[in-house]
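*Asks:* Fit chains X and H to the given chain Z structure using the hints.
Chains Z, X and H, in that order, give the protein sequences.
Going by full-length UniProt numbering, 293 is the number at position 293 of the first sequence; the sequence numbering is gapless.
Going by full-length UniProt numbering, 214 is the number at position 214 of the second sequence; the sequence numbering is gapless.
Going by full-length UniProt numbering, 57 is the number at position 57 of the third sequence; the sequence numbering is gapless.
A few of these clues could be false.
Computed cross-link-like contacts, DSS-like style, restricted to lysine-lysine with a CA-CA straight-line distance of at most 27 Å [as the list claims (entries may be wrong)]:
{"#": "1", "chain 1": "H", "residue 1": "K82", "chain 2": "X", "residue 2": "K67"}
{"#": "2", "chain 1": "H", "residue 1": "K82", "chain 2": "Z", "residue 2": "K413"}
{"#": "3", "chain 1": "X", "residue 1": "K74", "chain 2": "H", "residue 2": "K256"}
{"#": "4", "chain 1": "X", "residue 1": "K75", "chain 2": "H", "residue 2": "K6"}
{"#": "5", "chain 1": "X", "residue 1": "K56", "chain 2": "H", "residue 2": "K254"}
No wet-lab data here; the hints were simulated from the structure.
Chain by chain, the residues run as shown.
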Amino acid sequence: MKTDTRHKGYILGCILLIFAQTVLAKTWTVCNSCGHSSIKQTIQLANAHDTLLVQKGMYREFEILVDKPLYIKGIGYPIVDGEKKGEIFQIRSDGVTLDGLFIINVGVSYTKDNAAIRVIRSKDFLIQNMVLEQLFFGIYLEKSSHGKVYHNRIIGEAVDEYNSGNGIQLWYSSDIEVTKNHVQGTRDGIYLEFSDQITITGNTSMDNLRYGLHFMFSDHDVYTQNTFENNGAGVAVMFSKFITMKNNTFRKNWGTAAYGMLLKEINDAEITGNTFEENTIGINIEGSNRIDYSNNDFIGNGWAIRVIGACYTNTFKGNNFLYNSFDISYNSKLNDNVFEGNFWSSYTGYDLDRNGIGDVPYRPVKLFSYVVNRTPETIVLLRSLFMDIIDFSERVSPVFTPDNLKDDQPLMKIRS
Amino acid sequence: MTIEIKDLHKNFGKNQILKGIDLTIDEGHIYAILGPNGSGKTTLIKSILGMVIPNKGLIAVLDKPIKKDWRYRKKIDYLPQIANFPPNIKVKELIHMIKDLRNSPSAEGELIALFGLEPFLNKKLSTLSGGTKQKVNIVLTFMFDSPLIILDEPTTGLDPMALIRLKELIQREKAQGKTILITSHIMQFVEEMADKILYLLEGEIYFKGNIGELLEQTGEPDFEHAIAALTTTGSHA
Amino acid sequence: MLKILKYSFYDLIRSRWSYIYFLFYLTLGFVLLFLNNDVSKAVITLMNVIIVLIPLIGTIFGVMYYYNSREFTELLLAQPIKRSSIFMGQYFGVAGSLALSLVLGLGIPFVLYGLLRSNAIFDFSLLLVTGAFLTFIFVALSFVIAISNENKIKGFGYAVLLWLFLAVVYDGLFLMSLIVFEEYPLDTFSLVATMLNPIDLSRILILLKLDISALLGYTGAIFKKFFGTDLGFLVSMGILLLWTVVPILGLGHKAKRKDF
Chain Z
1 MKTDTRHKGY
11 ILGCILLIFA
21 QTVLAKTWTV
31 CNSCGHSSIK
41 QTIQLANAHD
51 TLLVQKGMYR
61 EFEILVDKPL
71 YIKGIGYPIV
81 DGEKKGEIFQ
91 IRSDGVTLDG
101 LFIINVGVSY
111 TKDNAAIRVI
121 RSKDFLIQNM
131 VLEQLFFGIY
141 LEKSSHGKVY
151 HNRIIGEAVD
161 EYNSGNGIQL
171 WYSSDIEVTK
181 NHVQGTRDGI
191 YLEFSDQITI
201 TGNTSMDNLR
211 YGLHFMFSDH
221 DVYTQNTFEN
231 NGAGVAVMFS
241 KFITMKNNTF
251 RKNWGTAAYG
261 MLLKEINDAE
271 ITGNTFEENT
281 IGINIEGSNR
291 IDYSNNDFIG
301 NGWAIRVIGA
311 CYTNTFKGNN
321 FLYNSFDISY
331 NSKLNDNVFE
341 GNFWSSYTGY
351 DLDRNGIGDV
361 PYRPVKLFSY
371 VVNRTPETIV
381 LLRSLFMDII
391 DFSERVSPVF
401 TPDNLKDDQP
411 LMKIRS
Chain X
1 MTIEIKDLHK
11 NFGKNQILKG
21 IDLTIDEGHI
31 YAILGPNGSG
41 KTTLIKSILG
51 MVIPNKGLIA
61 VLDKPIKKDW
71 RYRKKIDYLP
81 QIANFPPNIK
91 VKELIHMIKD
101 LRNSPSAEGE
111 LIALFGLEPF
121 LNKKLSTLSG
131 GTKQKVNIVL
141 TFMFDSPLII
151 LDEPTTGLDP
161 MALIRLKELI
171 QREKAQGKTI
181 LITSHIMQFV
191 EEMADKILYL
201 LEGEIYFKGN
211 IGELLEQTGE
221 PDFEHAIAAL
231 TTTGSHA
Chain H
1 MLKILKYSFY
11 DLIRSRWSYI
21 YFLFYLTLGF
31 VLLFLNNDVS
41 KAVITLMNVI
51 IVLIPLIGTI
61 FGVMYYYNSR
71 EFTELLLAQP
81 IKRSSIFMGQ
91 YFGVAGSLAL
101 SLVLGLGIPF
111 VLYGLLRSNA
121 IFDFSLLLVT
131 GAFLTFIFVA
141 LSFVIAISNE
151 NKIKGFGYAV
161 LLWLFLAVVY
171 DGLFLMSLIV
181 FEEYPLDTFS
191 LVATMLNPID
201 LSRILILLKL
211 DISALLGYTG
221 AIFKKFFGTD
231 LGFLVSMGIL
241 LLWTVVPILG
251 LGHKAKRKDF
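Looking at chain Z on its own, in the form it has when it is part of the complex (with noise of 0.2 Å):
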């Protein structure tokens, strides 16, 4: 019995403290003219589960820690100027909130990853409608998990790699979602790192140094819906298992070495209705097996996909092959890829049983593209009338392509 009290008074303990903090719960207002005009102080005086409410103005403040759960909300929004100084943000604790702040002036370092926002080791976070510039890094998470970032937008201006940051980037974090943000002008728009289970949707990443998204060591990720575009060198996914990517676009990644999206090491992943137009390489392929590649549409590119090193039992199921300066590109002779029922615009074979499907098989890979292949200075032969030539005779007859490497039911019409 006397334990049963205990545990009693110990239940409405809680219940009263949770009362308690429900009610007592504040409302805090910061502005430059009132009492609280600082942010830092007045985190300092509130309690957890209080609400800030930042009035428009500017709020010369770097290093502010967030260690409490608090709904911090910008009005108007309110600029907060961390004068190249260092971090700004920092949240150690779960259940916080960021909402409607305009961040600027974040510290550039070159032995510090300083952000405008970092959340570590902290759970249930909300990180929205931000609008951050002149930064270095954007939002960094660090081993956190369930949280979102969502509307938010990043523009940054870097020049150069070694002192430019990432615009979101994870780090040992999972349960994530990555919502309608907009990226721009960073190193790497989007990066993973060891982070599970994150799902990406309906993000903008163009205009970045580097890569639009990068995934090193992260599984089971989903990212749809999202547009990459003009990034230096496009889309990485690296050495990451059970990645879904659906109905996202790369275009306009050109450059000597810029890709649409770069596989890398990458098993078991699903690619499906996206679209790759206008990339000097719209998919790069390397160590990469298991892969369901369908419904894509790839338009315009220099080479649509580029296999390199060993890819097996990959299947390629009614892409659209449009206008590709060459289609598929292979550096060895042995296939274990299916080619599938595809739409090829270079395909000029008929369809005497009219069932849609063209009667001879299409052979998407070029001769001068597996010769590129090997001695890449070949390619200045590009577009001249011998390599048309040669491409014509090896369509004809295959001897240095691999032989099984084609489509036996081309479709004859572009699949909408």
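*Replies:* Just chains X and H now, kept in the frame of chain Z:
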């Protein structure tokens, strides 16, 4: 002296065409250059015109050596053997063009009337018959007033009427004191026109003189036989 | 010379072939622009056509014109005109009228389409400049071949062989040497080999101005570094000029010594 040629040699490859020709052509005569096929008639004429470049020897026209010069051709009217003109040009334009190129006074109007070419003036050269082309050729040659006239097979394709006109024309030019060189296969025409005969054989001048001298030398009764005799004796010699 | 040029030119621009040639480019220009609706893509397709067709047409036209006007040339030779003027006049007449067909035939549709307002104008002018250069080069080469060969068939054959060599065989040899010597640094070699062939040089010059130059990768970067500079551009224009001037001088040389 209109033309002076000394020791003229020309060979095409191993083929020796002219083997040392010495020749003087005097002013105010009509010379017929005759000889069997391949005897070097055309080469000789072309050498005088500067179209063939001799291997050796000297040619002077109107007392000036012609080597590396082209202005002397202003003093020559030449009627080429095959008149093949740019096909897309009209007769009128061709005449205008040659006038333009030579930049000398010309009397084409009278000649056009003489050969009845008025209806063809606005036609393209490709549509003309061979005879009409030759008439155009003649107009182009005679419309200028030059002291030396060279005619290569002038009678080709001409109808009798035009032939008479041509003869009149040549006589008229001669009367003006011009020097005229003619090659022709029509012996009757040569006999009628020429004062002097130059007979070429295997690249050398085999005979030079007037018709009387030729008949005397060969002992033949008429001109045509005399020439034939030259040819046979020549090849036997 | 100018008079001869004038007449050859008039003669040619009245000929059926010049019209066909002109109409061909006109149609090509219109079709590419109004079916494709994209100036820079049209420029790429045009490049393919130009690199192959211009040298071929220039060669064939040059040889044909030379042989067809042989008697007329003889007529001119008897006129008080300097020899070299006759041939230079004819040469510039042919090359000039072909180049004009090209420039007008492609220029008109592009101007109508509104090229002047598009930023592809520079690429396009480069296309026309190299096209004109190729015309002048190949007409000159074909004239040299024709003047050196009395036999029409032979001359025609040699001219087509020359075209075949520069357009196809050269690249084949180039490719083979690249593969054979793939272990050595080949950048300078490929740069030089490209510069030596006017067709390759034109192709690379145009390619580098286009987006697809990114396909050229590392080698392309080296090329771009060279051709992108003013010096590189001047050198390549100089080489094209050399390719034009040397055959023309050869033509003059041959013309002076030739018997008709």
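*Asks:* The structure should be examined with respect to each hint, and the outcome stated for every one.
*Replies:* Comparing the hints with the structure gives:
The suggested pairing of H:K82 with X:K67 holds, with an alpha-carbon distance near 12 Å, which does not exceed 27 Å. Of the pairs offered as hints, the one joining H:K82 and Z:K413 is violated, with about 65 Å between alpha carbons and a cut-off of 27 Å exceeded. Restraint check for X:K74 and H:K256: satisfied, since their Cα atoms lie roughly 19 Å apart, inside the 27 Å limit. Note on X:K75 and H:K6: the hinted pairing holds, with a Cα-Cα distance of about 24 Å set against a maximum of 27 Å.
A hinted pair counts as satisfied when its Cα atoms are at most 27 Å apart, and X:K56 with H:K254 qualifies at roughly 19 Å.
When held up to the earlier numbered hints, the structure conflicts with hint 2 and nothing else.
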